[in-house]
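S.K.: The hints should help you fit chain Z onto chain F, whose structure is shown.
Just so you know, the protein sequences line up as chains F and Z, in that order. The first sequence lines up with residues 1 to 112 when you count with the numbering used here. The second sequence lines up with residues 113 to 227 when you count with the numbering used here.
The set of hints was computed from the structure by calculation and includes no laboratory data. Please read all numbers here as calculations on a predicted model, not as lab measurements. Just so it is clear, CB atoms sit at the ideal spot from N, CA and C, and this is done for glycine as well. You may find that some hints are simply not true.
What the hints assert, rightly or not - Now the in silico label distances, taken between C-beta atoms and shown as ranges:
1. Gly128/Z <-> Lys59/F: 44 to 54 Å
2. Val50/F <-> Pro173/Z: 30 to 40 Å
3. Pro120/Z <-> His75/F: 34 to 44 Å
4. Thr20/F <-> Glu156/Z: 20 to 30 Å
5. Glu41/F <-> Gly128/Z: 25 to 35 Å
6. Lys169/Z <-> Glu41/F: 37 to 47 Å
7. Glu132/Z <-> Gln80/F: 34 to 44 Å
8. Thr125/Z <-> Leu19/F: 20 to 30 Å
9. Ser117/Z <-> Pro39/F: 13 to 23 Å
10. Val50/F <-> Lys169/Z: 21 to 31 Å
11. Gln196/Z <-> Gly40/F: 16 to 26 Å
12. Thr51/F <-> Gln196/Z: 44 to 54 Å
13. Glu156/Z <-> Gly95/F: 20 to 30 Å
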Amino acid sequence: TQLLEQSPQFLSIQEGENLTVYCNSSSVFSSLQWYRQEPGEGPVLLVTVVTGGEVKKLKRLTFQFGDARKDSSLHITAAQPGDTGLYLCAGVRAGTASKLTFGTGTRLQVTL
Amino acid sequence: GAGVSQSPSNKVTEKGKDVELRCDPISGHTALYWYRQSLGQGLEFLIYFQGNSAPDKSGLPSDRFSAERTGGSVSTLTIQRTQQEDSAVYLCASSFSRVLNYEQYFGPGTRLTVT
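Only chain F is shown next, with the shape it has when bound in the complex (with noise of 0.2 Å):
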């Protein structure tokens, strides 16, 4: 059983489409982030929310943490062709020093 479960697990939409890509656990994390990885390179991370309820925004890239800190999403409006890539979150078990955990990652492609 994974710790975190991401949704969908792909996704293949045109350009100018927008889309929401959930992580889901029935723990809670002291934080959670967000990374991005392109064919042949590491993940790169694109975002950290630490409080619960809490919104950040990359651009077209709209980040939440769920108020009870055990999920969150990543929403892009206007997807384009440099938004293709696998998603990964990952999080940290609130009041634990475990290790990072990532979820089972989401691979989206953009097509024109």
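M.R.: Showing chain Z alone in chain F's frame:
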């Protein structure tokens, strides 16, 4: 500044041979992670080093896999008697651990192909 580096970038080996993969973390980072990523899949945690603490080896898939971190810096992941199912990209990441909410910085990975 210099990021996380990994070597080699690509490795092709014959089944049954041993391989060593190297990771040079960002200077000053106390935590170092190894992950495995099969084609198009998410990250599979392998092992975690944190300062001088005993490493968390809970993700190593078999006793053919081992890793060490010398002097709190460079790490080597060793796979003995390689099998075809070991073919994957092996990623290394480092972080300041609890500082900056565990943000991880990844290397470009080593693509291992076992023939």
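S.K.: Look at each hint and say if it fits the structure.
M.R.: Checked hints:
One distance hint, 44 to 54 Å for the beta-carbon pair glycine 128/Z and lysine 59/F, holds here, with the actual separation near 49 Å. Taking the beta carbon of each, valine 50/F and proline 173/Z are about 33 Å apart, inside 30 to 40 Å as hinted. Checked against the given bound of 34 to 44 Å, the beta carbons of proline 120/Z and histidine 75/F, roughly 39 Å apart, stay inside it. Between threonine 20/F and glutamate 156/Z the beta carbons are some 26 Å apart, a value that agrees with the proposed interval 20 to 30 Å.
A beta carbon spacing of about 30 Å between glutamate 41/F and glycine 128/Z agrees with the range 25 to 35 Å that was offered as a hint. Judged by the Cβ atoms, the range 37 to 47 Å given for lysine 169/Z and glutamate 41/F is violated: they are separated by roughly 27 Å. In this structure the supplied range 34 to 44 Å holds for glutamate 132/Z paired with glutamine 80/F, their Cβ-Cβ distance being about 40 Å. Here the CB-CB span from threonine 125/Z to leucine 19/F is close to 40 Å, at odds with the stated 20 to 30 Å.
With their beta carbons about 19 Å apart, serine 117/Z and proline 39/F fall inside the hinted range of 13 to 23 Å. Judged by the Cβ atoms, the range 21 to 31 Å given for valine 50/F and lysine 169/Z holds: they are separated by roughly 29 Å. Range check, glutamine 196/Z to glycine 40/F: Cβ separation about 22 Å, and the 16 to 26 Å hint holds. In this structure the hint that threonine 51/F and glutamine 196/Z lie 44 to 54 Å apart at CB holds, the actual value being about 46 Å.
Between glutamate 156/Z and glycine 95/F the Cβ separation comes to about 25 Å, which falls inside the hinted range of 20 to 30 Å.
When held up to the earlier numbered hints, the structure conflicts with 6, 8 and fits the remainder.
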